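Protein chains in written order, with this note's numbering: chain X, 1 to 112; chain B, 1 to 115.
To be clear, the hints were calculated from the coordinates, so they are not data collected in a lab.
Small disclaimer: the values here were computed from a predicted structure and weren't measured.
Using N, Cα and C, we set each Cβ at its ideal position, and we do this for glycine too.
Partial list, derived from the structure: chain X residues whose beta carbon lies under 10 angstroms from chain B: (1) Val4; (2) Ser32; (3) Phe34; (4) Gly41; (5) Gly43; (6) Ser93; (7) Asn99; (8) Gly103; (9) Arg107.
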Amino acid sequence: GNSVTQMEGPVTLSEEAFLTINCTYTATGYPSLFWYVQYPGEGLQLLLKATKADDKGSNKGFEATYRKETTSFHLEKGSVQVSDSAVYFCALSENYGQNFVFGPGTRLSVLP
Amino acid sequence: DTGVSQDPRHKITKRGQNVTFRCDPISEHNRLYWYRQTLGQGPEFLTYFQNEAQLEKSRLLSDRFSAERPKGSFSTLEIQRTEQGDSAMYLCASSFPTSGSDEQYFGPGTRLTVT
Numbered sequence: 001g002n003s004v005t006q007m008e009g010p011v012t013l014s015e016e017a018f019l020t021i022n023c024t025y026t027a028t029g030y031p032s033l034f035w036y037v038q039y040p041g042e043g044l045q046l047l048l049k050a051t052k053a054d055d056k057g058s059n060k061g062f063e064a065t066y067r068k069e070t071t072s073f074h075l076e077k078g079s080v081q082v083s084d085s086a087v088y089f090c091a092l093s094e095n096y097g098q099n100f101v102f103g104p105g106t107r108l109s110v111l112p
Numbered sequence: 001d002t003g004v005s006q007d008p009r010h011k012i013t014k015r016g017q018n019v020t021f022r023c024d025p026i027s028e029h030n031r032l033y034w035y036r037q038t039l040g041q042g043p044e045f046l047t048y049f050q051n052e053a054q055l056e057k058s059r060l061l062s063d064r065f066s067a068e069r070p071k072g073s074f075s076t077l078e079i080q081r082t083e084q085g086d087s088a089m090y091l092c093a094s095s096f097p098t099s100g101s102d103e104q105y106f107g108p109g110t111r112l113t114v115t
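Using the sequences provided together with the hints, build the complete structure.
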């Protein structure tokens, strides 16, 4: 079956540091890939997405590129802020959302 | 605000009792999903509806769980004879799938505690 693997957290960084959160996936077809974010006390929000190989999703300074050859969708940000502290979930979807699978989440803490 | 709403936000119940949760999706969305999330884990898919039809159910959804979406709008998730292992956050999401993607919008969740 489909699955998503993320780097274990927690990840603790200083403000303005570079962020990478690794995500790899296993899928039988050609999924869409997503990063969702969950801020403390809030619901899951879509951060960015990519629907086909080599697409780059970006939002709020975060980027991730759909790499079919390495089955990866790593999340990056050049300079993190304290307000980026949250849990980040990588996810995939096949068949227009019928098989939506989330990774376990990576907690990010950014210190001032 | 016209996002996904869930009610109640918190529910504490004793083992063996029945509980029911409600989800109101974004009005134009025809798909509605239920997930369960335990501490430190990502959401796990339970079931989803397209309009009023329940199209898929996870093996996680035991016979004690039942979901309905009678008019293709709001949905309810009922858990009968609750067990302590049912304690979790229950998330609802909705979407309007278009060619190439299906972005899901999540509600704030209902946190269930079974004592």
